[in-house]
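Novice: Read off the chains here:
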Amino acid sequence: MDCGNGARARQHVFLLPEYLKDASKKMKSGLMFVKLVNPCSGEGTIYLFNMCLQQLFEIKIFKEKHHSWFINQSVQSGGLLHFATPMDPLFLLLHYLRKADKEGKFQPLEQVVVDDMFPNCILLLKLPDLEKLLRHVTEEKEIDKKKYYKYSKEKTIKWLEKKVHQTVSALKTNNVNVGARVQATAFFSGDQVSSDKEEDYIRYAHGLISDYIPKELSDDLSKYLKLPKPSASLPNPPSKVAAQRQKRGK
Amino acid sequence: MESSDEAAVEKCRIHLRPGTLRDAAHATLHLLPCEVLVIGPAPVERFFTPAIRQGPDGLEVSFRGRRLRGEEVVLPPGLEGYVMVMEEKGEVLLGKDFSEGSSKLREQQELAAPPEALERDFDQFIRATASFSRFTLWGLETIPGPDAKVRGALTWPSLAAAIHAQVPED
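Same order as they appear, the protein sequences are chains A and B.
Quick note on my numbering: the first sequence kicks off at 1 and runs consecutively.
Quick note on my numbering: the second sequence kicks off at 251 and runs consecutively.
If you are wondering where the hints come from, they were derived from the structure by calculation, not from laboratory data.
A couple of the hints might just be wrong.
As the list claims (entries may be wrong) - Below 35 Å or equal to it, Euclidean Cα-Cα: the simulated DSBU-like pairs (lysine-lysine) are: (1) Lys-399/B x Lys-21/A; (2) Lys-261/B x Lys-215/A; (3) Lys-145/A x Lys-261/B; (4) Lys-261/B x Lys-141/A; (5) Lys-261/B x Lys-25/A; (6) Lys-339/B x Lys-65/A; (7) Lys-63/A x Lys-399/B; (8) Lys-99/A x Lys-226/A; (9) Lys-261/B x Lys-63/A; (10) Lys-25/A x Lys-339/B; (11) Lys-229/A x Lys-399/B; (12) Lys-399/B x Lys-197/A; (13) Lys-399/B x Lys-162/A; (14) Lys-65/A x Lys-261/B.
Chain B on its own, in the form it takes in the complex (with noise of 0.2 Å):
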């Protein structure tokens, strides 16, 4: 949702296919410490998940030569979490959620807005792959802790609540 994609949704909607979220597999997720200035497959199965160790207080693991810390961060209750991708334009789509039929698929968007009214030709479509509700946090030498940045932005959503809850009337 960041650069690259923004400049197309000036005027376009993204949605979100909303049976994807039902239907997301459960993911393994690890927050590095460093930048990995790539996108694409690696065979984390293969060498970091295997060199995973429990030390005395906390995860450890090396990452290209250098000691990782890390422990688990459970979300806040209340809140999933999904790993999301864009779809192609004119992306082919497979899997059950899409293969439903037409007719019933009509038939259940009587109960939401009609969807002609939603969705236009030149919109985009997101899905969720997967979800979790927990992932690893790493620090480079020591275990981040509870002043771990990341920790800070999860207690956002209870004081957004707050901010964003109406106001009585007088």
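The following block holds chain A by itself, in its conformation from the complex (with noise of 0.2 Å):
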């Protein structure tokens, strides 16, 4: 079988989308991974284009200790699973018009998603109905048919509001525990306890979108939605708050 030159190099265990088999024919090249920074942390994260049907995908790895893959007649250390699904480009839009914000004035959206960190950002640029998606978070305005763009954080709160509700659902049909207070990254280590109320869906789901967002807006999101503030025996894990401290330091 399989155990030429490729079982001495790194492997990779992916999930992807099976459409994206088929959507490949059409493909010779356009499928790619990237580096774009993560719109809660700051730090730089692996996302995976596909310019061809315009999609932006997150990766997400599952890692548990003391795991390993046998894969054909090979071994792969860490036993590390990635998945990549789609993802919500506003988030990472939203990232670039908060920081444009602090001009406070309206601009069009090539001056606004730049970054010398991450220059891959412009390829946001290319997805399809950017106008549509800004609706949910920009003031826009129309001079000589070119549209300019200012962050709105009302409408933000609306549009996240929405999609807490969306997850709510979601959670719903799935039956997820939400008895503890979750984020997406711990999703991935699946600390859970029972109950059903529906403030802990609410809760729950404003945990999964804050992994999407800065610590200022999920704080603002929590007051919106009138959620208890988190009791000190719940605090934010070390590597989440690391994460901020170090932001805030720039």
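Got two chains here, each in a separate frame; can you build the complex from them with the hints?
Specialist: The structure is reproduced here in structure tokens:
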């Protein structure tokens, strides 16, 4: 079987949406992994673009201690499982819109989405229906048939509230236990206690969405949703606190 | 895609060869409950596979003298599993996907975005070497069962779909 050169190289185990296989018939290129800013932590994170279908995917990694893969006639340490799932590009655009808002004026999108650290962010501008998406989180102006945008916190909070409710429905249909305060990252280490109060669902969904927005916005959303302040017995995981500190230090 | 590779991709793009998604042969995967600190060939078919037995409530095997109990995990519908490997820089590409002849290649590229705009000299490439729709999940002494963390992770795509679906406008 497959035990030639390939077996010596690091092997990555991925789960991809099935339709990428069919879509790949029309593609000779345009499926690519790039590093972009993580809208929550501000750090670099790998995303997958499909330039043919004009889609963005996020990559999440399942990692548990003491695991390895046997792949055909080879062994791969780590036992990692990578998930590529569709991502709403608005979370990433929001990162740049909030940054540009410090200048406090209407700007064309290509002046907003600029990044020395992650120049591949220009690929975001190639995604379809951006104008429609941006309506959820910005005020816009049109001068000489050119669109200018400005971040709107009020609109963004309302958009996030809809996201929360949409996620609550999915949590219910998927029968996810929502007792403990969880974030999408914690989903991959699965510490859940069972409970089924509406408020728990909203808090859980808020936690999931908070993995895609900065802490500040997450707190504003929490107030808007009238969620009680998290108790001191449930502090942020250390990794997250560190990431925020680092961001503030910049 | 972790640490070692990551440093190299600040600016570069890692292009996934689309053709390899279609041509990938089926692979047999086992997720072991222990860390083998090695990457490389292993005679799985000689030592591991023939020792797998169907026990009263699941699969049984032993590895390094320890008893493992396992079960088949089928991927959720709509997902396809792939094993991917980074291509070495300047690797000579063999195999039918890349020997098709460049004129035909260029013709087909018209269908997608112009490649010269997306692929740059310093970019890297990754290819699918195998695909799978199920794997065997092993636990030490006991069957991992429905509470296994990897099973929880497998429900992530359906939840992610809801988080990232577009919301209706007012």
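Novice: Which of the numbered hints are not met once you compare them with the structure shown?
Specialist: none
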